[in-house]
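Visitor: If you want the building blocks of each chain, they are given just below.
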Amino acid sequence: MTALLQWLVPLVYLLGATLYFSDFWSGARRWDRVARGVFWAGLLVHAGRLTMEVFRLDALPLGGIFPFLTLLSFSVVAVMLFLEMGSSDGSTAVFLAWLAVGLEGCSAVGGPFPQHAVSTAAHPAVFGIHVGTAILGYAGAAVAAIHGVLYLLLYREIKSNRVGRIYRFLPPLDQIEKRTGSSVALSFVALTVSLVFGMRVLRVTESTYWLWDAKILTTCLVWVLFGLTLSSRRWLGWSGRRVAFFSLFGFLLALASLGFVGPFLSGFHTFSGGGQ
Amino acid sequence: MSSDVSISSSRLHLVGASHKTLPLDLRERLSVGSEELPTVLSALQSDGSEAVVLSTCNRVEVYLFSSISECVNPGWEVLTRFEPELAALNGDRVYRAKGLPVGKHLFRVAAGLESQIVGEHQILGQVRDSYRRALEYGAVGGVLDRLFRQAIHVGKRVRNETSLSVGAAHHGSAAVELAERMFGDLSRHSVLLIGAGDTGKLLARQLVDKHVGELSIANRTPGKAEELARSLGGQTVEVSRVPDILHEMDIVISATSSPKSVIRYDQVAAAMRTRSYRPLLIIDIAVPRDFDPQIGEIEGCFLKSIEDLDSIIEANIQERISEVPAVEQIIEEEYTQLENWSVSLRSEPTIRGLRGRVDGILEEVLSRHGKKFRPEDRVQLELFGKALLSRVLHDPICRVKGSNQASPLGTARLALIRELFGLDEETGRRS
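As given, the protein sequences belong to chains V and B, one line each in that order. Counting from 1, position 155 in the first sequence corresponds to residue 155 in this note's numbering; the numbering is continuous, with no gaps. Remember, this note's numbering sits 1000 above the position in the second sequence when you count from 1.
Be careful, since some hints might not be right.
[Unchecked claim] Subject to a maximum C-alpha distance of 25 Å in a straight line, what follows is the list of computed BS3-like cross-link-like pairs (lysine-lysine):
{"no.": "1", "chain 1": "V", "residue 1": "K178", "chain 2": "B", "residue 2": "K1020"}
{"no.": "2", "chain 1": "B", "residue 1": "K1104", "chain 2": "B", "residue 2": "K1020"}
{"no.": "3", "chain 1": "B", "residue 1": "K1201", "chain 2": "B", "residue 2": "K1156"}
{"no.": "4", "chain 1": "B", "residue 1": "K1386", "chain 2": "B", "residue 2": "K1371"}
{"no.": "5", "chain 1": "V", "residue 1": "K159", "chain 2": "B", "residue 2": "K1210"}
{"no.": "6", "chain 1": "B", "residue 1": "K1401", "chain 2": "B", "residue 2": "K1371"}
Derived from the structure by calculation, the hints contain no laboratory data.
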C-alpha cells in the first residue's frame, strides 16, 4: 500500500500537469477543470499518505531530503489550488504543477519514508507544526517567485507588443500580481508560525529562544523581506515589478537556506542531512 | 424522376457573391433585409423547395434544396429581380455550387475561413440567424435543417477546439484586449478619454461596453465633452486638469487633433510616482501624438500608439492563419459525416416503406382477429405484435443502414427488400 501510494501520487500529479500543459500548448481551455479535479484528487491521496505516516511514526515523516520533498510538493499543490480557487481568469497552474511533479517524482525515486521519527526532545506536535509551517512558508515563497517571474514575462510582452503564448494564456497582470501578493502573505504567516514554534523547540532542546544559526538567520531574513513587501504593498501602494522582484529575492534566500545554508553551514538544522 | 434522393444529386444548390467577388457597392444592392426576406424566401420556395438566405455585409448567398430533380437554381434571379444590371453577372463575380460541395462551403463560412478577417466570429451568429429566420418562415426542410445545424456545430467546434477566433482583429478590440490583459475585470478601473473625435469615441465605447468603472472625458470644447459624457455615461473634466488627475486613472485614451504634445514626460512621471508605479495604460491614437513617446519608458507605464495596436492585430491574424490547417481538418471530418448521411438517405424510403408495410399487416391481422379478444387484451396484443415485429426488423434495418449503400452490395440489399415486400423504389410505398 505504501509503495503504491509512493508512486500513485506523482503519477496523478503528472496526469494533471500534462492536462494543464495540453491547454497551454493548444491555447484552448479544454482540460482546465479536469486538471484541477485531478490535482484535488492527487492532493487527497497525498494527504492520506502523509496521514498514514503520521499515525505510523506518531510524528511528521521527516529525516532526509526525500520526505522533505514530498512535504514541499504537498504544500506547493495546496497553495496552487488555494490560489486557483474560484478563479476563472486564466491559470498559472501549468508552471506550478510541473514543480510539484518534479518534487514528488524525486521524492518517489528516493524511496519509502524513514522507519523512525526524527528524535527530538521537543513535543512531536510542536516540532511538527514548526517544520510543517516552515515547509509551507518555503512553498509559498516558491509559488510567489514563480508568479513574480510570470508577471515580469507578461509585463515585458505587453511593453514590447509581443503577442505570444504567454500574452494569450496567462491571467491579466493585475491577477498575477494579486496571486504573488497572496502567496507572499501566506508564506509570511506560515513562517511567522514556524519561527514562533521554532523558538519553543529551541527553549526545550537548547534552553534558549535564539541561536546564531545560519538557517534561522536566512529564514528570518525571508520573513523580514516578506513582511516589508506586504507592508509596502499595503501602506505605500507598491505593486507590479517591485513586488515581483521582492518575491524573487525572498525565494532565492529561502532556496539558499534550504539548499546551501542548511546542509553546509548550519550546525543546528541538518534538515536535508538525514535526521536531526 | 430520379431514384437518387441523396443530397449529392443536383438538387442542392448554392449561389452567392462575397467580398472576394463583388465590391461593397454592388453587394449592398444585393443584400436582403429582414423586411424583404419573407418575399425572397417565398419566391425561392415557389415549387416547394427549401431555402435559406445568408445576407451579411460581406456576403449574400442563397442555399436551395429543390423539390424536383435537375432543377435550375432560381436564387440569383430572385436576388437580382430589381437589379437587372447585376442579373447578368457571372463567372468570377458570382459563385455557384451543386450537391455536397455546398455543404463544405457552408462549413467554411460558419468556421470563419471565408470571412474578410479570417476567424471573424460574428459570422457564426449570422449563419444561425439566417437559419432561424428561414425556419420561422417555414422555408427549411429536412436537408437544409441538417446542413445548417451541422454548419453551426462546425462553427462551435472550431471556436472550442482551435484558436482561429482568438485575439483582437480591430483597433477597438485590440485596445480592449490590452486593457483586459493588464487589468482583467475592468469594472474596478477608471478610464480617461482626451478628445471627443470619432476614433477615440469608438475606443471608449468598446471599453464602456466592457463595464469600465468610471469614465471621464476631457475636450477643448466642453459642449462636445458633455454631449459625449451623456451618450457614454461618464463625467467631464477640464483639459487643464488632466495632468492633475492622471494618477487616478488606469486607462487613458488620447485622440485629440492638437498639433503638439498635450501631455509631457514629467507630468506622467509625477503621476506614476504618486500612484506608486501601478500599471497605467495609455492609448495614444492622435496624429501627431498627444503623449511624448519617451513616456513609454517610465516604469509601469504602457504607452501604445496606433502602430502598436496594428502590430498586435497583425500578430493575432498570423496566429489565426496558423490555425487554418486544424480548422480544415475539422471541416473534412464533418464533411465525411455529411457524405455518410447523404448516402444513408438512399435507404430511407425503403426502410420507411418496410415499416409501413409491416404496420399495415399488423393492423390487418388485428382487425380480422382482434374481435375474439377482450378490449384490454387487445391493447396488450397490439403492443406485443408491435414489439415482436420491431425486434424482427431491427437487425435487417441495421444491416441496411450500416452497409455502404452506394456499393453494389448495398444497392442489391435495398432492391431485394423492395422486391420481397413489393415496395416502390422512389416512395417506398407498396407498388
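Visitor: Straight-line Cα separation of K1104 (chain B) and K1020 (chain B) no greater than 25 Å?
Guide: holds, 17 Å
Visitor: Within 25 Å, alpha carbon to alpha carbon, are K1201 (chain B) and K1156 (chain B)?
Guide: violated, 32 Å
Visitor: Verify the proposed pairing of K1401 (chain B) with K1371 (chain B), using a straight-line Cα cut of 25 Å.
Guide: violated, 38 Å
Visitor: Does the alpha-carbon distance linking K159 (chain V) and K1210 (chain B) stay inside the 25 Å limit?
Guide: Holds, at about 23 Å.
Visitor: If you draw a straight line from the CA of K178 (chain V) to the CA of K1020 (chain B), is it 25 Å or shorter?
Guide: Violated - the C-alpha atoms of K1020 (chain B) and K178 (chain V) are around 47 Å apart, more than 25 Å.
Visitor: Regarding the pair K1386 (chain B) and K1371 (chain B), is the alpha-carbon distance no greater than 25 Å?
Guide: holds, 18 Å
Checked against the numbered hints listed earlier, the structure breaks hints 1, 3 and 6; every other hint is satisfied.
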